[in-house]
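*Asks:* One letter stands for each residue in the lines below.
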Amino acid sequence: MKSKVNNKLKGLGSEIEEQIDKKLNPNISIPIRTLSNIIYDKSTGQLTLGDKVSKRYFFNVAHAKKFMQTMMVASFCNDLIGQNIHASIRDMFYNLKRTLPETSENTFDVQSESDPIIIDLEVALDIFREQLHLTTDRKGIVAGNVIIKDRGDSIDWSKLGSGGWSIPSTVEEIEFSKVNADFVLVVEKNAGFERLHEDKFWQKHNCILIGTGGQPSRGTRLLIQRLNREYKLPVYVFTDSDAYGWYIYSVIKSGSMSLAHISDRIATPSAKFIGLTISDIFEYELKKCIIKARELDIKRAKELLNYEWFKRPEWQKEINLMIKKGIKAEIEALSHRGLKFMSETYLPEKLKKKAFLP
Amino acid sequence: MKTAAELAKEQKEISISEFFEKNKHLLGFDNPTKALMMTVKEGVDNSLDAAEEAGILPDVNVRIKNISDDKFQIVIQDNGPGIVKEQVPRVFGKLLYGSKFHRLKQNRGQQGLGISCSVLYSQLTTGSPTKVWSKIDNKNKTHYYELNINTIKNEPEILKEEDINDGLKEHGIKIEMRTIGRYRKTIEDYLKQTSIANPFAKIVYNAPDGTRITFPRSVDALPKPAREMRPHPYGVEFGVLLRMLSKTKSKNLASFLSNEFSSLGAHSSNLICKTARLDRNLKPAKLTRDEIEKLLNAMQKVKIQRPPLDCLSPIGDKELEKSLKKEYPESEFITTVQREPEVYRGFPFIIECAIVYGAKTDKMDVIRFANRVPLLYQAGACAITEAVRNVEWKRYNLPQSGNEVSAPVLLIVHMCSTWVPFISESKEAIASYPEIVKEMKLAIQDVARDVSRFLSGKRKVGEQKRRLLLFERYAHEVASSVAKLTGKNEKDIENRLKDLISKRIRISDKDEEQSEQ
Numbered sequence: 001m002k003s004k005v006n007n008k009l010k011g012l013g014s015e016i017e018e019q020i021d022k023k024l025n026p027n028i029s030i031p032i033r034t035l036s037n038i039i040y041d042k043s044t045g046q047l048t049l050g051d052k053v054s055k056r057y058f059f060n061v062a063h064a065k066k067f068m069q070t071m072m073v074a075s076f077c078n079d080l081i082g083q084n085i086h087a088s089i090r091d092m093f094y095n096l097k098r099t100l101p102e103t104s105e106n107t108f109d110v111q112s113e114s115d116p117i118i119i120d121l122e123v124a125l126d127i128f129r130e131q132l133h134l135t136t137d138r139k140g141i142v143a144g145n146v147i148i149k150d151r152g153d154s155i156d157w158s159k160l161g162s163g164g165w166s167i168p169s170t171v172e173e174i175e176f177s178k179v180n181a182d183f184v185l186v187v188e189k190n191a192g193f194e195r196l197h198e199d200k201f202w203q204k205h206n207c208i209l210i211g212t213g214g215q216p217s218r219g220t221r222l223l224i225q226r227l228n229r230e231y232k233l234p235v236y237v238f239t240d241s242d243a244y245g246w247y248i249y250s251v252i253k254s255g256s257m258s259l260a261h262i263s264d265r266i267a268t269p270s271a272k273f274i275g276l277t278i279s280d281i282f283e284y285e286l287k288k289c290i291i292k293a294r295e296l297d298i299k300r301a302k303e304l305l306n307y308e309w310f311k312r313p314e315w316q317k318e319i320n321l322m323i324k325k326g327i328k329a330e331i332e333a334l335s336h337r338g339l340k341f342m343s344e345t346y347l348p349e350k351l352k353k354k355a356f357l358p
Numbered sequence: 359m360k361t362a363a364e365l366a367k368e369q370k371e372i373s374i375s376e377f378f379e380k381n382k383h384l385l386g387f388d389n390p391t392k393a394l395m396m397t398v399k400e401g402v403d404n405s406l407d408a409a410e411e412a413g414i415l416p417d418v419n420v421r422i423k424n425i426s427d428d429k430f431q432i433v434i435q436d437n438g439p440g441i442v443k444e445q446v447p448r449v450f451g452k453l454l455y456g457s458k459f460h461r462l463k464q465n466r467g468q469q470g471l472g473i474s475c476s477v478l479y480s481q482l483t484t485g486s487p488t489k490v491w492s493k494i495d496n497k498n499k500t501h502y503y504e505l506n507i508n509t510i511k512n513e514p515e516i517l518k519e520e521d522i523n524d525g526l527k528e529h530g531i532k533i534e535m536r537t538i539g540r541y542r543k544t545i546e547d548y549l550k551q552t553s554i555a556n557p558f559a560k561i562v563y564n565a566p567d568g569t570r571i572t573f574p575r576s577v578d579a580l581p582k583p584a585r586e587m588r589p590h591p592y593g594v595e596f597g598v599l600l601r602m603l604s605k606t607k608s609k610n611l612a613s614f615l616s617n618e619f620s621s622l623g624a625h626s627s628n629l630i631c632k633t634a635r636l637d638r639n640l641k642p643a644k645l646t647r648d649e650i651e652k653l654l655n656a657m658q659k660v661k662i663q664r665p666p667l668d669c670l671s672p673i674g675d676k677e678l679e680k681s682l683k684k685e686y687p688e689s690e691f692i693t694t695v696q697r698e699p700e701v702y703r704g705f706p707f708i709i710e711c712a713i714v715y716g717a718k719t720d721k722m723d724v725i726r727f728a729n730r731v732p733l734l735y736q737a738g739a740c741a742i743t744e745a746v747r748n749v750e751w752k753r754y755n756l757p758q759s760g761n762e763v764s765a766p767v768l769l770i771v772h773m774c775s776t777w778v779p780f781i782s783e784s785k786e787a788i789a790s791y792p793e794i795v796k797e798m799k800l801a802i803q804d805v806a807r808d809v810s811r812f813l814s815g816k817r818k819v820g821e822q823k824r825r826l827l828l829f830e831r832y833a834h835e836v837a838s839s840v841a842k843l844t845g846k847n848e849k850d851i852e853n854r855l856k857d858l859i860s861k862r863i864r865i866s867d868k869d870e871e872q873s874e875q
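First to last, the protein sequences are chains V and E.
Residues 1 to 358, numbered by the numbering used here, are exactly what the first sequence covers, in order.
Residues 359 to 875, numbered by the numbering used here, are exactly what the second sequence covers, in order.
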């Protein structure tokens, strides 16, 4: 595996060297990652990249610097793999940032310049950031009846007190020693996770509880996928009742536009949406906690309507309802009917009725 | 109360010289700086006119010495044909005496005022007479004069006159005057500009501080001589016509017209007579005022060919370019244009124009010439300035704010004509006849277009240089990264990449950049 990634990086180097020798304009082919080249594959239920490719040339004033940056990142990752060490994407930025001799120009000025280059390399060489030995900050928490092995240590997700286990950016190499659960419940918000964790929801319902803390990290998404694929656990996603929450659900299920090239590695197409829907607001008498939708919410909702992967009638109905009524709600709203309403009434009922959106 | 008889006693003739005494400014002698300038200018103009007319490549020597605080001695010497002994006193000692006034021919001087004004000014301010040496050929000795002007009679007053043995070595004139003045570097500018407009002249200048500047010839041939032309009917006024009628040798009106005017044949002469309802056989000298008026009107009405255009002697676009290259060796680009002859009020004229780009200035300077003479003052009132303001410089890649063009540019505009319409006798600015301003603007636009093309080429080269530097800047990191990936020698890859850069980015080559997608 490692040598394969190594070979791809070396191949890129050799290709550029060959172009220099042949007096060609050195270039790197990079698949385009804008909406125009993103395709929703109905058969797999995932977003994928189309076959539009752009070329990044050295002899082009607009490309030259990015060309240099791409080669620098490739060379940096090649070193990491060679030495078998990992670096965070922030480490990498600082390692590669320097002032070009006799100028006041830096190779990289801000980390937002080096981050997208990593994704460029991923799509160009069809490899993953994790394989390049690059890590990101831990994001996401998990609790449940599961024991794993991480770098030789055994960790029991049921014995971590109030905290839960922080999900690292790389979860490929985690080994599962014991998985005892009937399903996975993913909660968009850390507050929701805290509530359900304190209420021992995962014990009572024999599930694995995951809090994403907003948009889920790649590590979290991959962990969800592994639990789904390797242990056939159904995945239910619980988010706010607005366009942003619903998009989080779609990212877990179908992949995101910005990482469409790795959807099949981190998406979970069989995931289902448990709540919150606009219909729930009326069904569970949550009218007191309705929030008026802002202009931006409506605009975003209208965008969702047009996404291929939101074209299912159930979703069109929910989104249209939201636009028509001009309302939204957050999962904390459930506490209006008592703090334990979420863990003791709402979720158990939804699970029992199998009231899921596809 | 005074009686008419008493008043009549007080009324008397004013001599031209007295008039000048009181109206120095009309002739350009308004202050000490300009007075010194005018003295040099009139002397040099005359020297160049004389030599050119005699077919001699002019050598002119100017020396200014500061004798005391504000007193200067000016010596101007040329290698022209000289002036015959009998004429010298009147040329220098009588205002409005000269050969150039009564003819239509492109000359530097026009009125026969210039040098005698300098003599008068010197006499009025220092009391010193003007010294003149003249030699016409080697068979004759040098004639030496010391003279003043009798300001009441407007006649020369000869103080000393003799033939001297050890005078001038060859033919030519030398004059020496003393004048109250103030010295400014404008005199040097004037001589430099004179040298530009007269590339066939050699001018040597000895400044008051002892420095000696030589403005060498840039061409070794005199220009095609300007030819005298008869007046064109469109440019004639009542007084002139009256004088011409009284002096003509022609027997009748029709032949007077075709003999004395340019562009008039038998047909158009008869047509004028017919239009004026005058008998073509009238004796010219017998015409009444009323008849002259009718004749003049008819002359303006009838459609007449334009005047002959071959009587002018422009600097020449090639000659002007050579001359500018000599004076501005630091310049990056020089372009010149000579327009086709045009006509205003029956006078033919030619506009020439040049731009020097990369001169030692950060805003555009305009150098004005009329009949090869630099115009140094009253720029604001000049047709050239008006034409310059009519041009939209931004359209020619030259940054402009208000009336100022911020670029290292010298703009040279020359008008040559058989009669340049100056706004005053001091000949400092050309009057803004629409035909003239229009032609000047077209000439300026011609050269401005050339500059615009030059600048966009220059910008392209600059862009190529910037691209070259950009690619070179990134070459090291690229090479070093590639070397780390392939395990090859870093220096080697870097050299090959730099080699490729210099091959692909050739300065001034066409841009063949490939772009994404």
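By construction, these hints were calculated from the structure, which means they are not laboratory data.
Please note: incorrect hints may appear among the correct ones.
[As the list claims (entries may be wrong)] Computed spacing ranges between beta-carbons, pair by pair:
id	chain 1	residue 1	chain 2	residue 2	range
1	V	294	E	821	45 to 53 Å
2	V	34	E	830	26 to 34 Å
3	E	830	V	298	25 to 33 Å
4	E	857	V	154	34 to 42 Å
5	E	540	V	104	37 to 45 Å
6	E	830	V	7	37 to 45 Å
7	E	683	V	97	46 to 54 Å
8	E	800	V	34	25 to 33 Å
9	V	97	E	830	50 to 58 Å
10	V	229	E	857	47 to 55 Å
11	V	229	E	821	52 to 60 Å
12	E	857	V	149	19 to 27 Å
13	V	36	E	821	25 to 33 Å
14	E	698	V	106	18 to 26 Å
All C-beta atoms in this analysis are idealised placements derived from N, C-alpha and C, irrespective of residue type, glycine included.
*Asks:* Against this structure, judge whether each hint is valid.
*Replies:* Structure-based check of all given hints:
1. V:294 to E:821: 45 to 53 Å: holds, 47 Å
2. V:34 to E:830: 26 to 34 Å: holds, 32 Å
3. E:830 to V:298: 25 to 33 Å: violated, 52 Å
4. E:857 to V:154: 34 to 42 Å: 58 Å Cβ-Cβ, so the 34 to 42 Å window is violated.
5. E:540 to V:104: 37 to 45 Å: violated, 52 Å
6. E:830 to V:7: 37 to 45 Å: Taking Cβ atoms as reference, residue 830 (chain E) and residue 7 (chain V) lie about 31 Å apart, which means the hint is violated.
7. E:683 to V:97: 46 to 54 Å: Given range 46 to 54 Å: holds, Cβ gap about 52 Å.
8. E:800 to V:34: 25 to 33 Å: violated, 53 Å
9. V:97 to E:830: 50 to 58 Å: Because 21 Å falls outside the window, the suggested range is violated.
10. V:229 to E:857: 47 to 55 Å: holds, 52 Å
11. V:229 to E:821: 52 to 60 Å: holds, 55 Å
12. E:857 to V:149: 19 to 27 Å: Roughly 54 Å apart at Cβ, these two residues miss the hinted range, so it is violated.
13. V:36 to E:821: 25 to 33 Å: Holds, at about 31 Å.
14. E:698 to V:106: 18 to 26 Å: violated, 60 Å
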